[in-house]
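Visitor: Protein sequence lines, in the order shown, are assigned to chains A and B.
Under this note's numbering, the first residue of the first sequence is numbered 724, with each subsequent residue one higher.
Under this note's numbering, the first residue of the second sequence is numbered 7, with each subsequent residue one higher.
Calculated directly from the structure, the hints in this document are not laboratory data.
Glycine included, each C-beta is placed from N, C-alpha and C at the ideal position.
Mixed in with the good hints there might be a few duds.
What the hints assert, rightly or not - Residues from chain B shown here face chain A by an in silico Cβ test under 8 angstroms; the list is partial: (1) Val20; (2) Ser21; (3) Leu32; (4) Trp54; (5) Gly259.
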Amino acid sequence: MTTPAQQIPLSELENLTRGSVFERTFYVLRRWPLIPILILSVLSFCAIFAPLIAPYDPEKDQLRAVLASPPWYPACEDGQVSNKAVSCNTNGIPLGRQQAVFYFSLGADQLGRDVLSRIIYGARLSLSLALVAITVGTIFGTTVGLTAGYFGGIVDELLMRTVDVFNSIPYLLLAIALVFVLGQSFAVVAFVLALGAWGGIARLVRGQTLQVRHFDFIALAHVAGASSTRIMFKHLLPAVSNTIIVATTLQVGGTILSESILSFLGAGVPPPTPSWGADISNGREYLGSAWWVAFFPGIAIFLTVLSFNFIGDWLRDRWDPRLRQI
Amino acid sequence: MKKFIIRRFLFLIVSVFAATLIVFALSRFQGDPRNVLLNVGYVSPEQWEAWGKDFHLDKPLIVQYLIWIGKGIFQGDFGTSLKTSKPVLEMVLGFAPASLQLGLSATLFVLLTGIPLGVLSAVKRGTIWDVIGRTFAVFGQALPPFWLGIMLILIFSVNLGWLPSGTRGHDAANWFERAQYFVMPAITLGWLASAGLMRLVRSSMLEVLDSEYIKLARAKGVRNNSVIWKHAFKNSLIPPLTFSALILVGFIGGTVVTETVFAWPGLGQMTFTAIINNDFPLMVGAVLVFTLVYVFAVFVIDILYAFIDPRIRYS
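Build the full structure now, drawing on both the sequences and the hints.
Guide: Right under this line is the structure:
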């Protein structure tokens, strides 16, 4: 009656029909990374449709709303501008009712730009940079890993020592130096981030390739006269694809963190492009009076990295438990 | 074993040379180093040429590099900083203690949180302790360190006024006041590493607790505490040992961020400023120090590891 294919989901489904609604929801949330996927979907949606979603232009300053507090936050303390800009401004002088036009749900920064809009546009930068960097890093890292693992011997030694040497240079310092040497632009930052991602992927792919290389189907491909390139990309690559996907997903969070650190230090994509890290750096100077400028972009980074890490861990546990040690 | 050590040592030397060569080349691509000196005012063409001779700019890059590294190794002369006109070695040694103190206090934080939390959440798997431990790890790996530092300042300095918001506090009255300056920087620098260590300790502890000899020890009636600390804990520390090299990598990058946030006068901030100012002698010198520290630590750990686990030597 039950084929093996049916048995596995059945035991999972049994849990779904047991317990209270709360317990069942908890079970589902523990078993599948639904919340991280939801967060990332919202973020990607924001990134793609930023102009449609953002309530304000992220680069337009509203000098009347400098450091305006969020509407739900008790304002007008210490002479701050209220978000509604009706009753008080920096000097405590009432403004006319015609100024009551802003609704900055997360407050405004030191130039009166909407924090929420900047976060929405910032998602665009962070996610697209991560996408480009991870794609480039994965392609390069996979090629190096496959080559090293497949050929072995001197090729392996040479490539892996290169990775080691590369890893022994403090990455962040190298990244900052590279960005300043090559000039601050999207492409340069993406390249620098890719540089940080490929080493780890190469190492993991190599390790996996070393194991798969000894399987019969590779030997048979040799017998059939397949070329090295063909074996590497047609036979080995699909066999190690799980490792690649897991390694890549685990790398995304770190790449986004690196990007935000570079922006924070002023070595990211230059202003006025909205960037989470740079916004936190700006907000740092107004911590005492306007905490929201630095606080909310940080939450955005945190949730993004958290979601990618969760999905990465989940994929690893499901597909490649051997990587658990890393 | 001897062969293993020699191989690792050769690799150490190659790494240091490669790393400094890359950074040296980078610093030259950034532009003519003489431009930094232009800030002083009018410079005659003769002076310009003289500077060129001083920096050996007329020679090929690789020769420039060899001159620099040769002078550094044999005379301890790594050049002078273009911005401050002080010898690089003197500057690096001047800033190093602050970074070292920061690194040590962060290490203390990592060891005091990562290991106990890892053991606790493995032993009490599935309980609230496990949840606390894992939440700690998950947060540590996702919080942007600079933001964490800023938020700590916001909460504990700006709002509560409990801790000083920055600097190293060398004019503090007593050691207790002085220690307060270290709390937030150590957490900011250490949390990420602590999270990684905690996860490793937890998974390796779980694996060991599941092994045959632990079951045997339990079957013999050995007390629970004894099983955990004497039998399991000791053996589960081997994988985290290699991780300590990664902790150091994280610290080297992390010092730049932490020292910037907390106005900590250390090597990270010094290097960052050197990069921004295109102060190439200082920049290359600092990267050399960082690389040396890292490569040497990896070397020591590798050898330690090979002593503990003989299988490593042959792989």
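Visitor: Per the CB criterion, is tryptophan 54 (chain B) less than 8 angstroms away from chain A?
Guide: Since chain A brings no Cβ nearer than about 22 angstroms to tryptophan 54 (chain B), farther than 8 angstroms, the hint is violated.
Visitor: Can leucine 32 (chain B) be said to touch chain A, with a Cβ gap under 8 angstroms?
Guide: With a closest approach of 5 angstroms, the leucine 32 (chain B) hint holds.
Visitor: Holds or violated: glycine 259 (chain B) as interface residue toward chain A, Cβ cutoff 8 angstroms?
Guide: 4 angstroms, holds
Visitor: Holds or violated: is there a CB of chain A closer than 8 angstroms to the CB of valine 20 (chain B)?
Guide: 7 angstroms, holds
Visitor: With a cut-off of 8 angstroms on the beta carbons, see whether serine 21 (chain B) makes it to chain A.
Guide: 4 angstroms, holds
Checked against the numbered hints above, the structure violates only hint 4.
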